[in-house]
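The listed protein sequences derive, respectively, from chains A and B.
Heads up, the first sequence is in numbering that gives the first Met the number 0, so the first residue is 0 and it goes up one at a time.
Heads up, the second sequence is in numbering that gives the first Met the number 0, so the first residue is 0 and it goes up one at a time.
Because the hints were derived from the structure by calculation, they are not lab data.
Take these hints with a grain of salt, some might be off.
[To be verified] Think about it this way: if two alpha-carbon atoms lie no more than 20 Å apart in a straight line, the pair counts; the simulated PhoX-like pairs of lysine-lysine are:
| hint | chain 1 | residue 1 | chain 2 | residue 2 |
| --- | --- | --- | --- | --- |
| 1 | B | Lys-5 | B | Lys-176 |
| 2 | B | Lys-208 | A | Lys-96 |
| 3 | A | Lys-176 | B | Lys-176 |
| 4 | B | Lys-96 | A | Lys-5 |
| 5 | A | Lys-186 | A | Lys-176 |
| 6 | A | Lys-122 | A | Lys-259 |
| 7 | A | Lys-237 | A | Lys-259 |
| 8 | B | Lys-176 | A | Lys-5 |
[Unchecked claim] Over 12 Å on every C-beta distance to chain B, these chain A residues come out as not near it, computed from the model:
| hint | residue |
| --- | --- |
| 9 | Gly-36 |
| 10 | Leu-54 |
| 11 | Arg-132 |
| 12 | Lys-140 |
| 13 | Ile-315 |
Don't be surprised by glycine CBs; every beta carbon is placed ideally from N, CA and C.
Take a look at the letters that make up each chain.
2 protein chains.
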Amino acid sequence: MPELRKDPVTGRWVIISTDRARRPTDFAHEPEKKHPGAFCPFCYGNEAKTPPEILAYRSNGTAPNTPGWAVRVVPNKFPALGIEGDLGRQGEGLFDKMNGIGAHEVIIESPDHDKSLAQLDEKRIEDVLWAFRDRILDLKKDRRFRYILIFKNHGEAAGASLEHSHSQLIALPIVPKRVREEVDGCKQYYTLKERCIYCDIIRQELDAKTRVVAENADFVILEPYAPRFPFETMILPKVHESSFEEGQSKAYENLSKMLKLLLSRVEKVLVAPAYNLVIHTSPLLEPSNDYYHWHFEMMPRLTRIAGFEWGTGFYINPTPPEEAAQFLRDA
Amino acid sequence: MPELRKDPVTGRWVIISTDRARRPTDFAHEPEKKHPGAFCPFCYGNEAKTPPEILAYRSNGTAPNTPGWAVRVVPNKFPALGIEGDLGRQGEGLFDKMNGIGAHEVIIESPDHDKSLAQLDEKRIEDVLWAFRDRILDLKKDRRFRYILIFKNHGEAAGASLEHSHSQLIALPIVPKRVREEVDGCKQYYTLKERCIYCDIIRQELDAKTRVVAENADFVILEPYAPRFPFETMILPKVHESSFEEGQSKAYENLSKMLKLLLSRVEKVLVAPAYNLVIHTSPLLEPSNDYYHWHFEMMPRLTRIAGFEWGTGFYINPTPPEEAAQFLRDA
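Start from the sequences, fold in the hints, and give me the full structure.
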């Protein structure tokens, strides 16, 4: 008998088809193609092929927009939103619109063209996390923005158009729907219980252990109770923290360890799948609060989304999270 | 400058990248592959290869589960939900779950293996609509269900696993999130205005004409103001009606004409793309109301969904709906 499970934060129900539990090897996918020899604008020596850098962690003495960097942040050459101008909020009969104002940046995670984020040293992954933080703290000063999303598309099936490992940042003049739903769900729970719902989930999960993949002093890797996708996974700080960019330096070291562990095991268990990674953190106008708990969400792209999902916002997941957790624990 | 637009019903913002307006020919896609000669359980003579039929419109004198049908409805051989049993709603600490109870049926739209829904005669498409209605009216009697979704996956990229033209029906013990959001948005507007928001949208759109694809006496084909996907399109009854299954016979004739017109033009303009089609109708427990307006949603599968979309529920659409409407009007 399949099971219907409700995500406690957003109220979304999913179908876990426990009958036809899918093992990692059942998800056949094209291996991610490499294009050796193709020109790459993110490699050393090609710095002039991107817009000028906004931030770079560099060896002493190297000049901007030349080799010598470990992490490099540049504006997206084909931005989804424009950085200059006013919001110009206005109506059009009963419709609402505004100008497409925002920032769209690319975080080049390493000079090494052939290494995935999972394959970087922990120290290098920590640099990437610091770059995320630095960019959020800088863009936060712009009062037009309401939310900053960091996300990563790894592999063509996940929407990556360049294979050199990178993440993206989009600063938005509104709080996106999905984040709003999470924050509202957390607020509702807080009103009822005066506790953070993620703190309660972490407590219950660390007790039950069945959906825990790994933990260290500061972070825990969990399979959500009602995941939309097979092997959908979260990384959360164990102690309440509402914003990613408020994390302390020691915690980033431990976050880097957990991120490397998760991505390496996913590469191993699911044979280098395409995946998306996003950071969900508090909206910019409510940075420190007791109800929202920032986290990473990682979604391997293993299944196809069809009419049922688009029509309902309802997902059919063939892999129970308890089994996904087991595979990732044992890897 | 890109434009941010808000869907008036759900409150979801989308980015319309007016700068890089994409013409239909820019969406390169693999032509849908045919597998001639492969065994098909939906063809005449293979009726025994599906579970026994629930409903069929047949020539006089032909026996169930034999050739002679025009439309045939059977249980899905690999159902996402089970039809037998109780809901068994229960908690698991702070989580909620219930048994995966529901109906999952397949509507085989025609005996002709090689014809798409768009290629069927209007009379045959009308039969398919009647089959949808008959199945909803029957399943409505089951008090365990809260919502019935009709959807169609056309083409492999849209999630279809068999090429013989068919739709699916899923009856659910809950109202799915996306429908709940639409219904709640409509209720909010009704509380404010005492009018149906879709009725107001139809009035404004028929006046402005820019997003209208076609209309007849009973129905209108519209590009939504804030579509998530290029060429996302709606078909709505012009006069307020809250449930699809309450439609009258004359209206189904006109609905069939509009559906054929839309799908034929999409096949022509976008060169036979994969697409998803869903019917959004009122939840079963609130069938007749003044706030919700049933409709079809059609989404061609032309763009790839990546981390940004999964992370935010926010969509970047490269084709303004005014241009999509123009292409479909002129086809």
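For this session: Could you check the structure against the hints above and give me the numbers of any it violates, in ascending order?
Result: 13
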